[in-house]
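Q: Sequence:
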Amino acid sequence: MTGLTPNSPRPTDIRLHQASRLLEISFDDGKSARLSCEFLRVYSPSAEVRGHGAGQEVLQTGKEDVDIIGIEPVGNYAVKLVFSDGHDTGLYSWDYLYELAANYEALWLEYLGKLAMAGIKRKETT
Numbered sequence: 001m002t003g004l005t006p007n008s009p010r011p012t013d014i015r016l017h018q019a020s021r022l023l024e025i026s027f028d029d030g031k032s033a034r035l036s037c038e039f040l041r042v043y044s045p046s047a048e049v050r051g052h053g054a055g056q057e058v059l060q061t062g063k064e065d066v067d068i069i070g071i072e073p074v075g076n077y078a079v080k081l082v083f084s085d086g087h088d089t090g091l092y093s094w095d096y097l098y099e100l101a102a103n104y105e106a107l108w109l110e111y112l113g114k115l116a117m118a119g120i121k122r123k124e125t126t
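Just so you know, the sequence shown maps onto residues 1 to 126 in this note's numbering.
No lab work stands behind these hints, which were simulated from the structure alone. One thing to keep in mind: the hints can contain errors.
[To be verified] Within a straight-line C-alpha distance of at most 25 Å, the following computed BS3-like cross-link-like pairs (lysine-lysine) qualify:
(1) Lys63 with Lys123
(2) Lys31 with Lys80
(3) Lys121 with Lys63
(4) Lys80 with Lys63
(5) Lys63 with Lys114
Put together the whole structure using the sequences plus the hints.
A: Printed below as a string of structure tokens:
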């Protein structure tokens, strides 16, 4: 897990928009992002998703309809997101959330590419 570095932007507001399945995060450097629950689930920092070393990542599929059902603070450095599929082992540090927000488009395209290479299609969501 990425730790909190001294000059890391910190969240000033975290809001869950349940109807649209988006987590909106504002940072103290003025940046903000709206990240989908699916995106946050497939990029969970947990060992279950990332593995215990390089090359051990597990491609997450079928997460189009996943919701965040809980947001739990962890000290002054992270939140634990609880997902509707039962996943709750990832601690999202402020650094990691900022990294996800800053690289959302590239990471999403990377994920879609991995699905395509595995021959898996996402179902359309409403």
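Q: Of all the hints given earlier, name the ones this structure violates by number, lowest first.
A: Violated hints: none at all, because every hint is consistent with the structure.
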